[in-house]
Structures are given as structure tokens and as C-alpha cells.
Amino acid sequence: MSADRRARQLDGAIWRAPTEREVDAELEFHVEMLTRELRAAGLSSEAAGAEVQRRFGDIAQASAAARRAATHRDRSMRLTEHLAALRSDVAHALRLLRRAPGFTIVAVLTLALGIGANSAIFSVVNGVVLKPLGYPEPDRLMFINSQFPTLGFDEFWVSPPEFFEYRERTQAFGEIGAYTTGAVNLMSDGAAPERVNAVALSASMFDVLGVRPMLGRPFTAAEDLPNAESVVVLGYDLWRRAFGGDPTVIGRRVQIQGHPETVVGVMPPGFDLHDAKAQLWRPLGLDPASRENRGSHFLNLVGRLASGASEASARTELRGLLSRWGEVAPGRHAPNDSTHRLQLEPLRDNVIGGVRTALWVLQGAVGLVLLIACANMANLLLARAETRHKEFAIRAALGAGRGHVLRQFLVEGIVLALLGAAVGLALAHWGLRALLALNPESVPRAADIGLDPLVLAFTAGIALLTGAMFGLAPLLHVRERTLSGALREGGTRSTGTAGRARLRNGLAVAEVALAVMLVVGAGLLLRSFWKLTRVDAGFDRSELVTFGLVLPDATYPEPQMRARMLGDLTTRLRQTPGVEEVAAMTGLPPAREVNANDTEFEGIEQQPGGPPQNVDYYQSTTEDYFRTMRIPIVRGRGFTATDVGGPPVVVINETLARTFYPDQDPVGRRLRPPFGDSIPWFTIVGVAADVKQGGVDAKTGTELYFLYDHGPRYVGFAPSELNIVLRSPRSLGALLPAVRQAVGELDRSLPLVQPRTMDEVFGDSLTRQRFLSQLLAIFAGVALLLAAVGTYGILGYMVNERRREIGIRMALGAGRGQVLRMVLRQGLAIAAAGIVLGLVAALALSRVASSLLYGVSPADPLTFVVVAAAIGVVALAACLLPARRATRVDPLVAMQVD
Amino acid sequence: MPAARDSLHGTLDALVLKTLSWGPRHGYAIANWIAETSGDAIRIEEGSLYPALYRLERQGLIIAEWGVSELGRKARFYRLTPAGRRQLRAEVEGFRRFVAAVSPILLTG
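Chains as they are written, first to last, in our numbering: chain A, 1 to 898; chain B, 1 to 109.
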């Protein structure tokens, strides 16, 4: 400290800033000297005073200028001093870390795990939940779909007449667009055919989203009509990949589903709609004049609020419209406010969906891991601080105030934390990439996840916070008194030992409790996931292999051609060695798109409050379907070979039987699909057991099975997108070449879409739940490891501290067994306290995440008991090593005074 | 040429630094010494002296300490720092070059 500073500190009592007092004193001196000189030259005191005034100019102004300059000087010099002190503190901290490499590595790794995990999860939370969608003014976009509360459908599609009517009658929305998602076969010149995600959208959608193609143009309303010239807009990635980024692609024709279509535009990079990951944008081709197909719900709507409208005003308007919709569309299927609602919510909320809860749970979990890491760090530093108390005592004697010691601790903590954060960020970056590559469908908006500035700021923030926290923790026991006491003492570190031990034990108990909470959470989710994989989906999925096939219009213009192709294919596949049974169907369980249609049930009148005469899933299959999938027939019979050329028949599922024929035998009754007036009545020949359609954890809907062959004959229509399923004991890899050959011999241009085993199909439908439980299991594992290391460390330290006591006991006759038990007792006491605390906390918190659980209660006793036992075992293992070390203490050595 | 600063500033700073190269002085002594040595041609305004001194202090070219003056009163003495010495050398060198460059033009013929 400069003499000046000290002088300033010792200065007197009148309250002027010390700097100002100093400046005044200096100027006073100058005035005095000048006056003296002038008096010596012969001036009177008045004349001298006048001359001094004249020399200084305006004394008040001069003095003010001098004060300003002095204050500026002081501030600069203080800043320079602080920076120099900081620099020396950082250098000192780094030196200390270099000198204790073991400690540094453990500390940095611990922090890297804790901070890195937090950064990784936060970047997911940021990309998925916090970042706005990539459209202009995204908060003004609303997602609109329908809801059938009495049927249990919370989210359902909208039909084209409803879309047109809403668009015409709304004032709250400036524009509304409609879209569906799907996939198409794409063949670009020369390249192999590939299957590409595509979105069919209304021309108005481009105005709704506010994004224009970066090349070319969007399609016009005229091109969005049923018989218009076929045009398509490419996605950016597809354009670069399949067309080499060639700008002359505009105007070129590409083969989509066997049709030539003209490319009119290319969308900018990153453009997508509702996470469809689409690469092709095609016109919906709806006829605005046609209002007949009211029951055909397959559209999603997105609307942009008009300027001046709000979400609330749009809702109010919608309520009003719903109550009056019957005026526009009399008869069945008009939307109303009770059984058939339209609903809206912000687009982003709908995209994120239920993932929000899961993500915040993950962020909480990873925060717990960080807390455990901090507790470990605090303990580590506490232990280290004790070996440095002499260093601090000397510093205090040399004049370092408590403030200086505080700053030094802070700097050491923050330097460690920043090092850990740097390593942690690297871990987060690679870990995230690996995780997303393994589980691509697990979170929406995966493209938006990355280490962007907000994530970096978050990381720096928690590094500073945690560094300050555990950096200052040792300060709790290095007080001024201790400093002077430490200088005097000769080795008996009795000052504050009891308090320090309490703090360390408390930290250990907290660590164990936090680890217990995480392990319980992971256990519940894992059990939940396990239960999901065991759900009986209604069919036997072992030894089943499946792939998709699309028979496009261009090569199969007549429905009979498709039926014939399918017949030939299934025959050929049945002859493939190893294949026992083959079938084809439109929808692939357990998670498939709803394909609902109004259906007329003979002899059943539509009841006012009863279920609308609509079936959720129309399934078109070959005759071997039930046998191949091993779906039980609970009444009547399934399809047989004689049905193929026979009269029109259908099979219904149990839910349909329960819904529409609760008190009667459905076999023999008739029903009719809505595909035109000349459709014959189909006779029900059997009832099949329910098969999951909307996902493993969703309720089963009503389902109607048609024979594929009857499509061309009775309906004039055969679906072009199919799934082929094979039952075979051979593996997928062994079967694929033969299957490809069989398909290729019939039609070279058809790709096999996503060949998978049925187990894989199942797994893919559970991707989100698996991802979540895997992640949480990893965090729980890390937490457990950290807590075990922490407990081990604390016990080890305690054994070290009580070496002399142990030595005395052994000298007085205590056996090894007794010493072992003594140490174990202390360790297990900590573990027990932590386990109980953790279980109680877990019980309270698991309620929050109950929406993520399936088939498992948040208070599932099995999980809690198993977790308690497992952690008890881990704690025991962690305590054994130090306990064993305690028994090896040599009493003679231990009792020597050091 | 001397460094591109306000030439008034620059000259004053150089004069102060040079004065202090003869030993520590307080503000009044600095002003007096410059006045005497220049034969009263240069008289530093009292109003600009102390802001200049504080500026030099902030820049680390001089350092100050309270002491006792010849007459037994408390006064603040200024001293050159090594950085100040280096800066002074640079200023003097700059001035020499300036004179050497300008003299042949202005002082001949």
C-alpha cells in the first residue's frame, strides 16, 4: 500500500472526500507560498491577495478543475491496482493448482461433469423451449385443429370444408393455411429413388408463415387447385444434396410418386413446418367450392393473427363461430362448442408439446448433479484450506485484510470453476452431438439445439456462481481469530474442529440425499419405460420384419394393377426361404396416422349425444393379415382366401363392437364406407382383438378392416402406400437381399422404405421415453459416483484426523474389528441420514413428473426400496476402504506428536 | 515531431518531467523553477499546473508523496518514475529532431 493511501486513510474527520481534501490542502500550500513570495517582494497583504487571485484565474474554477483531475486520477489508479491484484491472485491460484495436480484433475473433472451436463441440457431447453420459431413474428402464429371431447380425442384434424369456412368467416386471423405431412417417392435424374418427407400445403400458407423461397417463387392459388399443373418447391438441404445446389433447377421437372412435377422454387435453409423435417413442399390441391367431404379430417391449420387481434380475441371469435357454425353447414358434422370443437394455441406450444415437462425435469436433475459436485468441491477445498492456514496467517500478518483473503478465495474458486466449465463445454458439445445422433426423433426442433451465445452466457453464469459458492465455503472456518491462533499453535488443530466436522458431514449427507433423489427419479422412469416396452399391442411382434412400399399412380394407374402387384409380391415373398407368412396392410401399428372416415351403420340411427358415426382407423389388408400378425379373432372369423373373389366383407375391432354394438352380436350386421353412392353394404364377418394404433401409451380407437382386393372391385380405389410384414425366424439382414430381389423382379423402381424388425418399430415409437430415461440414468449414475467419492473422501479425511485417537485406542487394547466398526458406524450414519432425507424429498418431488410415468405410481414402493438398498450398498463400499485404512494405523506412529 | 497531442499539453508535460529529473519537488517549486530557468519567459498558469500534475500521475509518469517543505509545512512532493524518465527521453529526443528539422528553414537567410 502506498504511503499516500495510508495517509489518506489516516486523515481527519471532516466529511469531504479524502481526494478533495488533499487537493484543497495542496492548493492551499501553493497559495500560501505564493503569498509569502509576493509579500517578500514588498506587496501589501491586500495586493498580494489580489495578485494571487489574478494568477489563479477564478480560484473556485481552478480548484474545481483540479479536483476533477484528481478524482479521475484516483479512479484510474484504483482500477489499475485492482486489476494488478486480480492478475496476481489469478496467477497465484493457477500456481497452486499446478502444484497439486491430483487435486486439480479431480476438481476440474468433477466440475466439468456438473457444469457440462447443465450446459448440455440448457442448450436443449434453449433450442426447444426458449428459442422462438424461425418465422417473422412467430408469436402471432396459431396452430388450429379440432377436438372431439366425447370421443376422447384431444387433438384431431380438420376437414377441408371446415378449413375453408373458418378462413372465410374469421376476422381475427389475417390469413389461415392448411397442411398435411407425409412422405413421397422422389426420383431425380439418374439418382436412385428415395423417400423424402413432404408437406402438402395450401398456397395461403406461405403468406401465413411469412417466408418466401430464396430461389424462384411459391406456388400460386391457381396452382393449388385439384387439376392444376403439378408444381413443387424444394427444401434447401434436398436442393444441395440431390441437385448440387444448381440454380437452374427452377423450371426443371422431377419425378414425384411417378408424376413429373415442375420445380418452381427453393426454400431457404432451416425452413420447416411443425418439425415435419420436410424437404418437399407441394400444393394441397383442395377445391374451395367442394364442401361435401365434411367427415374427412386430415388437415392441420396454421393462422397468423391479424394486426390488432390477440390470441384471446381469436379464441373469443372462435367460440362465437362454433356456436353459429350450424348456420353455414347444416346437418351432421358441423363444428359446435360441445362435441366437435375447433381449438387454437400458439404454434410453438404445439410444436414443443409435452416435451416441456420432460425438459424441465431434466434441467432440475442436472442442477442436482451440479449441487452434488459443488458439495464435493466445497469439501475438497475445506480440507485443503486447513493445510493452508499457516499461509493465510502469514498473509494476515503482512497486512492482507479479511477482504483480501476473501477475494483470493473467490478467485481460486472461480478459476477452478472456469477451468471446469471450459472442459464441461467441450464435453457438452460432443455429448450432445452423440446423443442426438443416436436418438434423432427424441426431441422436436433438434436443428435448433447448439452452443449459442445464450448457452455460453448461462455456462459462464453458473461457473461464476458455483465458483463463488464453494470458493467461499472454506472461509466459514478461517476467521481472523483462527489466523492469529494458527500462528501460535504447534499442531493441535483443535480450533473449530467440531464445527468443521459438522459442516463436512452435513455436506456429505446432502450429497447422498441428492443422489438418492436422482436415482429414484431414474428408477421410476426406467421402470416406466420398461412397462411401455411390455405393453401388449394386440399382436405378436417377435420374428416379424416389415418394410414400406409405395405403388405410385404413374406406374400403377389402375387400382387392379396395385391389387395384382400385391398378390404377386406376397406370393413371391412367401416362397422366399425362411419366410413363414406374409401380409400387407396400409397402417403400421403401434403408432400410425389416424385415417378416420364417416361410416354408415345399417339399422343404427345417429343419436344426438351419442358417438358420431365415424371410424378412427380404416385398415386395408391382405387375407393373411390376422394370421401373420397373430391377432386373435374373438368372434366370428378373420379373412380367408375365398373372400378374395367374394362378396364385400369387413372385420371390426373390439372397441368398434363395444361402441356401436354394445348389446348385440355384430357378426352379420352391415355397414358402408362414405366413398360414394354406389358403394355396396359390407357385411361384418368377425371381431378382432384390439391393436394399438395411436402409440403404445394411447387408448385404442375404433378400427375397420377391409380386404385390399375389395378396394378396386367395390370402391374403385386401392391405397398406394403400404406396409409389408413377414414372419420369419431369420434375421432382417439375412432376409433383406432375397426380399429386395423379389421386389426388384416385379418392379425395379420401388425402394424398400425403412426395413425394420417389428421390435425396432416398437422401439422407434418409444424413442422419446427411452431418450429421457437413458439420460436420467446417466445423470443418476454420475450423481451416485460423485456422492460415493465424496463420502469416501470425507471418511478418509476423518480417519486421518483421528489417527492419534485411533492409535491410543488400539494401544489401550481395542481390536481391529472395533476400529473398523467405529469408522463404519460414522460412515453409515451419514449414508442413512442421506438416504432417509433423499427418499422423503423424492417422494415429494416425483409427483411433479407424474405425467412422464406410465404404469408406475410416483410413490412406487418397489423402486424406492430397491434404490435405498442399492445406495446403502454403494455407501458401504465407499466406507470400507477408509475403515480398512483405519485398522492399519500403527499406534506407535500415530501417537507421535508432529 | 513530438507526439501528436495538444501541443500546449505536450510542452507543459515535458517541462514538468524535466524539472523533476533534477529531483523531487512540490508543485509550487516546479512552477518557480521553470519560471526562473526560462528567465521568466515561461510562466505556468496556476490553474493548469495541478490538473497537469494529476494527469501525469494517472499516467504513471510521476509519483507523489506527502512530505515536509523547507518551511516545515506539509506539502505534496512529486518524483519521476522509470516510465517518466523514459517518456522524458523520448520528448527531448523528439524536440531535438524538431529543432534540427525546422532550423535550416526558419533560422537561415
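Hint data in this document are derived by calculation from the structure and do not stem from the laboratory.
These numbers come from a predicted model, not from an experiment.
Built from N, CA and C at the ideal position, the CB exists for glycine as well.
Incorrect hints may appear among the rest.
Stated by the list, open to error - Covered stretches of chain B (chain A as the covering partner; in silico rule of three or more C-beta atoms under 8 Å from a C-beta of chain A):
id, region
1, 39–47
2, 74–81
Claimed, not checked - The following residues of chain B were derived to be distant from chain A, with all beta-carbon distances above 12 Å:
id, residue
3, Leu15
4, Thr19
5, Glu57
6, Glu70
7, Ala101
Right, here's what the structure says about each hint:
no.: 1; hint: 39–47; result: holds (count 3)
no.: 2; hint: 74–81; result: holds (count 3)
no.: 3; hint: Leu15; result: holds (17 Å)
no.: 4; hint: Thr19; result: holds (15 Å)
no.: 5; hint: Glu57; result: violated (5 Å)
no.: 6; hint: Glu70; result: violated (10 Å)
no.: 7; hint: Ala101; result: holds (33 Å)
The structure fails to meet hints 5, 6 from the earlier list, while all remaining hints are met.
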